[in-house]
Structures are given as structure tokens and as C-alpha cells.
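Engineer: Given only the sequences and the hints, what does the whole structure look like? Please build it.
2 protein chains.
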Amino acid sequence: MDSQNIINAAMNDSTAYERLAYLCDTFGPRLSGSSNLEKALDWIISEMRLDGLKMPRGERVQVPTWIRGNESLDLILPFKKSMAMLGLGGSIATPKGGIKAEVVVVNSFDELDEKQNDVRGKIVLFNAPFTTYGETVQYRYKGASSAARYGALASLIRSVGSWSMNTPHTGVMTYDRDQPKIPHAAITMEDAMMLGRLQERGEKIVLHLRMEARSVADRWSRNVIAELPGSEFPEEIVVLGGHIDSWDVGQGAHDDGGGCVAAWQAVKLIKELGLQPKRTLRVVLWTNEENGGRGNKNYRDEHFDELKNHILAIESDGGVFNPRGFGFTGSDESRDILTDISRLLLPIDANAIFKGGRAADIAPLNDEGVPVMSLKVEGSKYFWYHHTNADTFDKVDIMEFNRCVAAMAIMAYVVADMDDRLPR
Amino acid sequence: MDSQNIINAAMNDSTAYERLAYLCDTFGPRLSGSSNLEKALDWIISEMRLDGLKMPRGERVQVPTWIRGNESLDLILPFKKSMAMLGLGGSIATPKGGIKAEVVVVNSFDELDEKQNDVRGKIVLFNAPFTTYGETVQYRYKGASSAARYGALASLIRSVGSWSMNTPHTGVMTYDRDQPKIPHAAITMEDAMMLGRLQERGEKIVLHLRMEARSVADRWSRNVIAELPGSEFPEEIVVLGGHIDSWDVGQGAHDDGGGCVAAWQAVKLIKELGLQPKRTLRVVLWTNEENGGRGNKNYRDEHFDELKNHILAIESDGGVFNPRGFGFTGSDESRDILTDISRLLLPIDANAIFKGGRAADIAPLNDEGVPVMSLKVEGSKYFWYHHTNADTFDKVDIMEFNRCVAAMAIMAYVVADMDDRLPR
Numbered sequence: 001m002d003s004q005n006i007i008n009a010a011m012n013d014s015t016a017y018e019r020l021a022y023l024c025d026t027f028g029p030r031l032s033g034s035s036n037l038e039k040a041l042d043w044i045i046s047e048m049r050l051d052g053l054k055m056p057r058g059e060r061v062q063v064p065t066w067i068r069g070n071e072s073l074d075l076i077l078p079f080k081k082s083m084a085m086l087g088l089g090g091s092i093a094t095p096k097g098g099i100k101a102e103v104v105v106v107n108s109f110d111e112l113d114e115k116q117n118d119v120r121g122k123i124v125l126f127n128a129p130f131t132t133y134g135e136t137v138q139y140r141y142k143g144a145s146s147a148a149r150y151g152a153l154a155s156l157i158r159s160v161g162s163w164s165m166n167t168p169h170t171g172v173m174t175y176d177r178d179q180p181k182i183p184h185a186a187i188t189m190e191d192a193m194m195l196g197r198l199q200e201r202g203e204k205i206v207l208h209l210r211m212e213a214r215s216v217a218d219r220w221s222r223n224v225i226a227e228l229p230g231s232e233f234p235e236e237i238v239v240l241g242g243h244i245d246s247w248d249v250g251q252g253a254h255d256d257g258g259g260c261v262a263a264w265q266a267v268k269l270i271k272e273l274g275l276q277p278k279r280t281l282r283v284v285l286w287t288n289e290e291n292g293g294r295g296n297k298n299y300r301d302e303h304f305d306e307l308k309n310h311i312l313a314i315e316s317d318g319g320v321f322n323p324r325g326f327g328f329t330g331s332d333e334s335r336d337i338l339t340d341i342s343r344l345l346l347p348i349d350a351n352a353i354f355k356g357g358r359a360a361d362i363a364p365l366n367d368e369g370v371p372v373m374s375l376k377v378e379g380s381k382y383f384w385y386h387h388t389n390a391d392t393f394d395k396v397d398i399m400e401f402n403r404c405v406a407a408m409a410i411m412a413y414v415v416a417d418m419d420d421r422l423p424r
Numbered sequence: 001m002d003s004q005n006i007i008n009a010a011m012n013d014s015t016a017y018e019r020l021a022y023l024c025d026t027f028g029p030r031l032s033g034s035s036n037l038e039k040a041l042d043w044i045i046s047e048m049r050l051d052g053l054k055m056p057r058g059e060r061v062q063v064p065t066w067i068r069g070n071e072s073l074d075l076i077l078p079f080k081k082s083m084a085m086l087g088l089g090g091s092i093a094t095p096k097g098g099i100k101a102e103v104v105v106v107n108s109f110d111e112l113d114e115k116q117n118d119v120r121g122k123i124v125l126f127n128a129p130f131t132t133y134g135e136t137v138q139y140r141y142k143g144a145s146s147a148a149r150y151g152a153l154a155s156l157i158r159s160v161g162s163w164s165m166n167t168p169h170t171g172v173m174t175y176d177r178d179q180p181k182i183p184h185a186a187i188t189m190e191d192a193m194m195l196g197r198l199q200e201r202g203e204k205i206v207l208h209l210r211m212e213a214r215s216v217a218d219r220w221s222r223n224v225i226a227e228l229p230g231s232e233f234p235e236e237i238v239v240l241g242g243h244i245d246s247w248d249v250g251q252g253a254h255d256d257g258g259g260c261v262a263a264w265q266a267v268k269l270i271k272e273l274g275l276q277p278k279r280t281l282r283v284v285l286w287t288n289e290e291n292g293g294r295g296n297k298n299y300r301d302e303h304f305d306e307l308k309n310h311i312l313a314i315e316s317d318g319g320v321f322n323p324r325g326f327g328f329t330g331s332d333e334s335r336d337i338l339t340d341i342s343r344l345l346l347p348i349d350a351n352a353i354f355k356g357g358r359a360a361d362i363a364p365l366n367d368e369g370v371p372v373m374s375l376k377v378e379g380s381k382y383f384w385y386h387h388t389n390a391d392t393f394d395k396v397d398i399m400e401f402n403r404c405v406a407a408m409a410i411m412a413y414v415v416a417d418m419d420d421r422l423p424r
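So the sequence lines, in the order shown, correspond to chains A and B.
Counting in UniProt numbering, the first sequence runs without a single skipped number right up to 424 at its last residue.
Counting in UniProt numbering, the second sequence runs without a single skipped number right up to 424 at its last residue.
No lab work stands behind these hints, which were simulated from the structure alone.
You can trust all of the hints, since none of them are fake.
Note: identical chains are not told apart, hence a pair may lie in one copy or across any two.
Capping the alpha-carbon separation at 35 Å, the derived lysine-lysine pairs in DSBU-like fashion look like this: (1) 81 <-> 142; (2) 100 <-> 80; (3) 381 <-> 80; (4) 81 <-> 96; (5) 80 <-> 142; (6) 80 <-> 297; (7) 80 <-> 181; (8) 39 <-> 81; (9) 81 <-> 297; (10) 100 <-> 39; (11) 81 <-> 381; (12) 115 <-> 39; (13) 381 <-> 297; (14) 39 <-> 204; (15) 81 <-> 100; (16) 80 <-> 39; (17) 181 <-> 81; (18) 80 <-> 96; (19) 204 <-> 80; (20) 204 <-> 142.
Structural biologist: In C-alpha cells form, the structure reads like this:
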């Protein structure tokens, strides 16, 4: 069996790790619409060509483009303090000179409703503790319009993270059509908790928020695609990938440079081992996952006629920590087959098959009937780094990362090499 | 025996925790010479008076005063990036407009010596990995003069910390008399490692450093002192305390607000329990530990005649994490007695007696013959926070903190209440 060869090859190769370092250090963060991202894509395509992958190419996609500009937040009362902050993606700017206003701290949307008569002309801070990402991120998505509804001038959130070292987290936010648009930014968990305590002690809190953020016209970006063609059924495709855009802070190392390079390396490794599965392995690095999802929609549309021959789509977008296995969304019959395959991952302790594999870039494919998987990792630190300046290359452990490569490679290879198609 | 009462009382009281919150949130960081520090001292003295401690007072001390001013660091080549940084305490400013120069990365003083002909007119970055604090901090202390010796225009260090989330660490630095003074600052571990990688790849690195730091004339500060008088030998004194100054970032919560409040609370608790040991318990909160040590020298000098009656001096300055026991410097005979006493701390798992108790503020007392102890805690995260913006109140766990209070209270009380003096 080839799986132990694949594991050995993955674990004894530092190419992926060095490429991830180069990607992170050379291009920096890769927000949609930035030249960093496009330069990174050029480099990836040229490297894929050196790897001998088939037809490395960029498929053009127009992406929304948001520019942070300068920004700052200062506590004015009860004492002076400059606060770490990050504007949220899609937010408007403050007026020139900023917004200086009293602050009302609320711990939840319910508490905002209770205090709705107190927030007019003020800045609302949502000091919501992290529970799950899905739950807590609602304050990032909807905080601004919720506060604007009651007349707030601006809104802030306690950063959506599970732990902090004075670390603000950015991320995308949205505006309701029916509400005035107000600036929306994240402060650190530490400062949010402190302001909560100050309010509890009856202190009057005044903040001065300055943001130059703006959205400009859509710009061109690309999904990067490259293949290892199948030997028997080349028109049948197993997709594996990640999203190559990141936020405009840190280096987008765990989110999701690592996932992209792991998928790419998985296919490179299979090729280098002289393996050619019956079906085609296609690396897809989607653009604009973070603030628009245009990449995955464009991929679905451009490849719509092929989707009936998409056997499986695998995304890694949860950090490249120790892999535990895969989440899966598809038929019970296919799940049983994948569970069998996953036993090959026992040597790296990554053999669990969990329910639910709809990661952001593959969910549109799943909507069209494609079975989907997402790499699941030991994620206890993922939301320490997510969307922060601390999501940097040094946070990636080469052994953990290489195990991700091995897990992706084995799962994709075996599914692509079966005699029969994975049933839908 | 009273020790279980003391433990119970400590563990069921949130006064110290709330006072630490108030200290941190209301006054902010407390650098020597700052009004923050002096306001904090006023508040502490007034609260100690409410506690009924004897003669809470400030003993005036002149302290060196360093002011950070504005500062920034930008990577210019090979790409643009604004870098988190902190000037080091005592550093001079850059010229107006800053220093823009090529960077030479070295991993050690030895490597600097090897590259001595390459650094003239450049910025030296010491990218030394953290080993022990005592070893790695040498780059902070001596980096500037070492680099200046070979003609460097400025020097930077990889922050002295054991782990980072894009977290620069400040701290005191010194200049050799014989070398030109050059600006000296800390960058994050992440950025230092990245610059190291860029240099390895042969990239030319250019940085633009701007610092307005300056030292001004000494200002007045105070050591805060308060007592619970002994019932039989009031002239015999057991000192317990911490240093109340901090760096000018974060809130100085673990370093060393927590240690100060723990020592203070220990004495308050003993008083509230109606206990009065035979000897006097004296809380001492030293000023200016961080950048001068004037507080501890002043205490030694002001109380020189009393030192022969200083039975024991205990400092807590390693963070208020779970206590493990105490380090001790003194005679074997007294160590045996203290080891017996430490059994009382078994219920909170803080009963170890380690070698070496010379913390910064009590070392001058030890030099005069006073036995000294320092609280030892589970310190694996201490150098995550030390001298950073992340040293904030929220990093203190109330249960761990209260165990520190209990350990300090029991050790100080029992030593103060023995029939015989602790032998020297």
C-alpha cells in the first residue's frame, strides 16, 4: 500500500514548510484587491509550473476591495490610553477628525435592546464573551446595524477570539440596508473587559475613534488551479484546496496560507512519488473567501458543467495544526467508504470522520450535489491567531503541518484511485 | 492551628482581586516618575488606612524618569510593513526624522563580533532566542553599546519573552560609558524571526526607526509602608511586599501589582481574623524596581538601624500564578525551620522550599544579613506577559491569586509568631 510511503514522504520533506515561509514573508498579508495577493498568485503559478503540475493558471474573478487606511482609538475618559484596535472589513470611515463620544457597554444584543434609549449619539461596545465562533461572530457581522438602529454613532466589538495578548481581531462585517451605516471596529478582549469593569463601577467612558476605511471599485483577482491528470478517468475530478486570500494583518499563515500550501504539496508529493491516480487531482486556491466569497462562486459557475464529475471536494481552512481527520457531508454510503479509507490515517492519528464538511469555498459545490470534506485539526489555538497580526509563519509547526499534507494527500489520492466513483 | 483558617479566609475573599482590578483599571501602568504611579500610591495609602493598618505612609525616594514619547518602526525593504515595537527603558531618541538604515541580523554577541566589519552605519538586530531570562536579557541590557562599539547607528532586540502574539516587550537597558549612545528598542519575536529568514534568503533589509524617548530630571516617588504591630516584640519585623512601579505598558498586573496586593492582603487578612503575631508584620511596596532600584536602596538606608531586627523579608515578584512555595536565602538552621512551616501550605500545594530567595528589592537587605524569601509560582506563562501590553488584570485568576495571598500570609504570620527569632 502507498499510504505509508505518502506519510513518510510528507514527514521528511521541508519544501511545503519553506514555501509557506516564503509566501508569508515575501508577500505579507493577502487581502482581496491587494497587490500582495496578486504577486503571491503569480509566484504560486510559476512554482506550480516548476513542479510539473498540469496547466497552472489563474481564473479571473472580480473581488470587492476594502482598504483599511489609518485608524486609531483613544480612551479619553476616565483616563487617557491609546488602544489597540482593528477596523472591521467593509466598515465605513469615521468623519474626518473622528467620533468622540460616550460609550455604552452591552454584553449581548438583548442587553442592547434593554438599553436602546441610552445609546443615541453614543458608541456602543458589544462586550460579548467568546462562546463559539458561529455565535460570537454575530456581533461582528451585525453589531453596527443593530447599534445604528437605536441611534448609535459607531460600534465596537470585543474581538472574536478565544484568548488574547492585547490582540485585536479583524474580519468581515455587513450593513443592513434599512439602517444608517456607522463605523464598526474591534478592540482587544482586555480593553473590552476593562471598559465593562469601568462601566460597572459607574465611570463615564469617552472614546475617540478615527477610521479612514473605504470600499473602492471591485478589482481583478484569480482562483489558482493546477492538476495532476487521472490515468483512467481524467474527466473525473477530486478537488483539494484552500483560500489564498487573507485579512490584511499578520501573514495569513494558518488562515489559510497553510491550507493552500498543504493541498498543493499533497498533489506535488503524489506526483513525485510516481503515483498517478485513476482520476484527476485538482488543486484549487480560491480567492476572496474572507470578504465576499467571489472565488468560490466563480469556480462553481466556471466549472458548472464539470460538477457532475466532481467526485469529492476537500478544503483545509481551520489552521494547519495536528490533523484529527475530516468532516464530511455526503451520502451514508460514501461516508462508509471514506471511513474505511480514513484507517490509513491511523499512523498519524488523523483517522476520525466527523459530521459536516461544508467549508466556505466548497459549500456551493455541495449545493450542486458534490460530496465535500474539510480537514479537521486540533484547533484549540486557532482562534488565538485568527484574523490577527499574530497569524504568522512561526506559529506553524513543521511536523503538524506535514501531517496535514499527509492526510490531504492520502484521502485525495485514494478517493481518486478507486475503481468506482465515490457514490453520491 | 490557624493556617487552615487563613487559607479559607483567603480563598473566600474577593477584596484583593477587586482591589487589583481597581488599581490596574484606574491608574493604568505605573512607571517611575509618572503621575499614574503617584496617584496609585495615594489610593493605596488611603485604603490601607481604611483597613486599620498602622501608619500607612510613603517614604520619599527620588527616581530616574524616562519618557517613551512617540515611536515607530517601519520595514522599508524588501517590502513595506509597520512593525510593533517598544523602545527600551533608558534609551535615547533617534534624531528627528528617525534613522533609516540597512539591517544586519545576528543571533548572538559572538556573531556580532564575527560580523563587526559589516555593521558600521547600520542597524543591528539581535535575534537571540529565549533561553533563560538571565541569559537572554543581556541583549536588552548590553545590546546597544555592543553594537555601537562597531559603529552601528541603532540596535534592536528580539523581545525577551518565551512566546509571542505579536507582542513586543520593553524593559531597562544600559549604556557603557565608553561607547557612543545609540537608540535601542525591542521588536516582536515574530518580526525578528522573519527578518532573520529574510537575511538568510539574501534579501536586503532596510528599517526606519523613530523614537522620541528621553530621560528627564529625577522625580519624587515613594515606598509605601504599613504595619500590623507585634504583640510581644514589636521592634522585630517580618517584611512582606512587592514593587509597585511597573513598565509604562499594559497594567503591571502580574509584574508586580499582584505581588503588592497579595502582600498587603495577607496582612489585612491576618488582622481581620483577629490574629496578632508576636512580631510586627510590615508591608513594603517598593518603588522603582524596574529602572533603577532606588526604592529598595532607599528602604535599606532609611531603615538601616532596624535591619538587625529584620527577621525575614519576603517578596513576591514572579507573577501571581499558582504558588509552589518559596525560594530562600539564609542559614541552614533557618531553612529547616521554614521547611517545617511550609508543610502548612500543603493544602494549597505550595509547600516547596527552593534554594535562592534574593529578589531584586530584598537582595540589599540580604546583603546586610537579613534572611530573604521570594514567592515561587507556576511561572510557565510569566514571560508571555512580562513588560508587555498583555500584562493586564484579566490574566490574573482569582483562585491562583488567593492561593498566593494564603501562602504569603501563613509564611509571614508563622515566622512572626514563633517564640524564638528565626536564626540568622
